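Chemist: Listed below are the residues making up each chain.
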Amino acid sequence: MAVGKKNISAPLYVEGHGIEAEDLKEGKVTYVEDHPDIRYQFTAGQAISKFLNGLKEGKILATKCNKCRRVMVPPRMFCELCYRPIDEWVELEDTGTVETFSISYIDPDARPLDEPEIVAVISIDGASPKMGILHKLGEVEPDKVYIGMKVKAVWKLPEEREGMITDILYWKPIEG
Amino acid sequence: MFERIKGLKFHKKQDVAIVGAGITLFRRRMNETGKELSYYAVKQALEEAGLEISDIDMVVMGSAPDSFDGIHMKGEYLLDGSGGSNRPYMRVFVGGGTGVFAPIAGYWHVASGLADVCLVITEEKMSSVHPHPQSAFKYIWDPILDRPLNPNLIWIFALEMRRYMHENNIKHEDIALVSVKNKGNALDHPAAQVAEKITVEDVLSSEPMALPVRRLDVSPPSDGASALIMVAPHIARQLTDEPVWVDGVGWALDTTWWTNRDLYFPRYVAEAAKMAYKMAHITDPRKEIDVAEPYDPFDYKELHHMEGLGLAKKGEAPILTREGVTARDGDLPVCPSGGLLGVGNPIAATMGVKVAEIYWQLAYRAGKRQVAKEVTTGVAQAWGDLMQVGTVMVLSNKR
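Top line first, the protein sequences correspond to chains A and B.
Residue numbers for the first sequence follow UniProt numbering, so the first one is 1 and each next one is one higher.
Residue numbers for the second sequence follow UniProt numbering, so the first one is 1 and each next one is one higher.
Pulled out of the complex, with its shape left as it was, chain A reads as follows (with noise of 0.2 Å):
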């Protein structure tokens, strides 16, 4: 191989080549189809429990280091900069500015999708500058966005809400 000056012996034996849908249905790629049965039941933890328990109320909780002063979102139990205990929960609006976001074309296995999906990270109001989170917007088209956006939490019904991240169903502009 011509990498340096040197005549290296060891040539490139690798073959490669592109795969296409046909070379797994003709068989000629070895192909193993495994479903282990295996699930996962996480720990949300002390502080994203509470988090979550208070998205079913239709709330956004935070918490507060007395020493930086940061309110944080999402919430946890200890300050990761001060390395001390949070002081204090705060109870947050449910409102906040789009600080960056994307227009996705593709599903989590990289296939496209029928109708694209506005994600973005989003900081929530009372919280410190920059503390934003992952969610989605809607009720806008997508080249009407743009980065300082304010946008407001769009919850579904109380009696649908399970305490996940999803009972917002996604954020929409704030008029005006």
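Heads up, a few of these hints could be off.
[Stated by the list, open to error] Using 27 Å as the maximum straight-line C-alpha spacing, the simulated DSS-like pairs for lysine-lysine come out as follows:
1. Lys138(B) with Lys156(A)
2. Lys171(B) with Lys130(A)
3. Lys130(A) with Lys138(B)
4. Lys138(B) with Lys136(A)
5. Lys138(B) with Lys50(A)
6. Lys278(B) with Lys150(A)
7. Lys28(A) with Lys35(B)
8. Lys138(B) with Lys56(A)
9. Lys138(B) with Lys25(A)
10. Lys67(A) with Lys6(B)
11. Lys313(B) with Lys130(A)
12. Lys314(B) with Lys130(A)
13. Lys171(B) with Lys136(A)
[Claimed, not checked] Derived CB-CB ranges, DEER-like:
14. Glu139(A) with Val200(B): 49 to 55 Å
15. Leu8(B) with Trp89(A): 43 to 49 Å
16. Glu175(A) with Lys171(B): 26 to 32 Å
[What the hints assert, rightly or not] Here's a subset of chain B near chain A, in silico, CB distances under 10 Å, partners left out:
17. Trp141
18. Asp146
19. Tyr164
20. Asn168
21. Ile170
22. Val213
23. Thr256
24. Asn260
25. Arg261
26. Tyr264
Bear in mind the hints are in silico, worked out from the structure with no lab data behind them.
This structure is a prediction, so every number in the text was calculated from the model and none was measured.
Note that beta-carbon positions come from the ideal geometry of N, C-alpha and C, so glycine has one too.
Go by the hints and put chain B onto chain A.
Modeler: Showing chain B alone in chain A's frame:
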């Protein structure tokens, strides 16, 4: 409380030199297993160094998520091809940052005096997973807060790219120039997967993935392996007249709460660079670095990382690119290899186009890819995990 002098110490038992490197083809699918790919890369590195596998004291293996291969604990699985049988062997893994973190681990093996000859091998086979490597990335997100939103990994890059463009008033055209440059540079790389002559127009009109990210803003998924031989000075002097020395290493991670920071600047890279530059006695990277291989899985990432590495001021990297400063014959060649955008992106195995490329450049062994200017110092950098790790290595051919 005890008293201590503040700051990191960089005591080392001995200097560390690189005397050989190897790289396989980077491709979307290789007929070889990960073990076989590892073997080919290691064999090349050993031949370039003039060593046998029996000369190796310790082996560091770097490979990214197990879920790509469907083999849990693949460090153990890859042992045979990695030349790690019956000797001290370890795997290190910080996602995409592994391509520079693995040689950093090799560095501390030798610098500490534990080993005189250390083999570093990185491997990735991304094509095993179906329907797409993206499917495996579903499992890096926070299971409670992020995963119910059905995220795609490209999202975070799109969000970061948009923030970077907004904060510094940068147009997509300026960013697309990076893809044009790197895919063009890759035409001279014998291992390259997606080397081609393209235009800014091609990038801007390519298929939208998660806007502003389009198909040609992104590096491809790849299979491949690469290897390095890192040795103590008394070994280096016996093997070659032109060893390349590791002058500094650095690594840092930013918080996992990635939505809680401003995405326009890679602080994790800046912190890692600060550590590496301090160790290498570099005070003005823009003047003292002759050639750079920042991590470029996306075109905006090269610019982002140049600014994190202090090679450009905030918002200045696109200007340097437009003015040709970062071209292979420019004043500060950036990604002369062709980078991940052109050569390919087998996550951990990108060591071959980052650290190994700087080694080849400084040893004047880069062939057609050799940069026009005289070079004494270069920097390689990688990034990964949940967008939070920076790994940096400074190399030099002077002692």
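Chemist: Taking the hints in turn, state whether each one holds.
Modeler: To see whether the hints hold, each was checked on the structure:
With a C-alpha separation of about 25 Å, the suggested pairing of lysine 138(B) with lysine 156(A) holds against the 27 Å cut-off. Among the hinted pairs, lysine 171(B) with lysine 130(A) is consistent with the structure: their alpha-carbon atoms are about 23 Å apart, no more than 27 Å. Taking the CA atoms of lysine 130(A) and lysine 138(B), the gap is about 25 Å. The hint holds against a cut of 27 Å. Pair hint lysine 138(B) plus lysine 136(A) holds up; C-alpha atoms about 17 Å apart against a cutoff of 27 Å.
Taking the CA atoms of lysine 138(B) and lysine 50(A), the gap is about 25 Å. The hint holds against a cut of 27 Å. At roughly 43 Å between alpha-carbon atoms, lysine 278(B) and lysine 150(A) are farther apart than 27 Å, so this suggested pair is violated. For a cut-off of 27 Å, the pair hint linking lysine 28(A) to lysine 35(B) stands: about 21 Å separates their Cα positions. Under the criterion of a C-alpha separation no larger than 27 Å, the hint pairing lysine 138(B) with lysine 56(A) is consistent with the structure, at around 25 Å.
In summary, the hint linking lysine 138(B) to lysine 25(A) is supported, as the alpha carbons are separated by about 26 Å, within the 27 Å threshold. Under the criterion of a C-alpha separation no larger than 27 Å, the hint pairing lysine 67(A) with lysine 6(B) is consistent with the structure, at around 22 Å. Of the pairs offered as hints, the one joining lysine 313(B) and lysine 130(A) holds, with about 22 Å between alpha carbons and a cut-off of 27 Å not exceeded. Between lysine 314(B) and lysine 130(A) the CA atoms are separated by roughly 19 Å; this keeps the pair inside 27 Å, and the hint holds.
For the proposed pair lysine 171(B) and lysine 136(A), the alpha carbon gap of about 24 Å is at most 27 Å, so the pair holds. In this structure the supplied range 49 to 55 Å is violated for glutamate 139(A) paired with valine 200(B), their Cβ-Cβ distance being about 34 Å. At roughly 37 Å, the beta-carbon separation of leucine 8(B) and tryptophan 89(A) lies outside the given 43 to 49 Å, and the hint is violated. A C-beta distance of roughly 30 Å is found between glutamate 175(A) and lysine 171(B), which places it inside the suggested range of 26 to 32 Å.
With a least beta-carbon distance of about 9 Å to chain A, the hint placing tryptophan 141(B) at the interface is held under the 10 Å criterion. Taken as an interface hint, aspartate 146(B) checks out: its beta carbon lies about 6 Å from the nearest beta carbon of chain A, inside 10 Å. Of the supplied interface hints, the one on tyrosine 164(B) holds, with its beta-carbon coming within about 9 Å of a beta-carbon of chain A, less than 10 Å. Hint status for asparagine 168(B): violated, given a least beta-carbon distance of 12 Å to chain A, over 10 Å.
A hinted interface residue such as isoleucine 170(B) counts as satisfied when its beta carbon comes closer than 10 Å to some beta carbon of chain A; here the least separation is about 13 Å, so the hint is violated. Given the 10 Å rule on beta carbons, the hint for valine 213(B) holds: about 7 Å separates it from the nearest Cβ of chain A. The interface hint given for threonine 256(B) is met, as the beta carbon of that residue sits about 9 Å from the closest beta carbon of chain A, less than 10 Å. For asparagine 260(B), the shortest C-beta to C-beta distance to chain A is roughly 5 Å, which falls under 10 Å, so the interface hint holds.
Because the closest C-beta pair between arginine 261(B) and chain A is about 6 Å apart, less than 10 Å, the hint holds. A cut of 10 Å between beta carbons decides the hint on tyrosine 264(B): the least distance to chain A is about 9 Å, and the hint holds.
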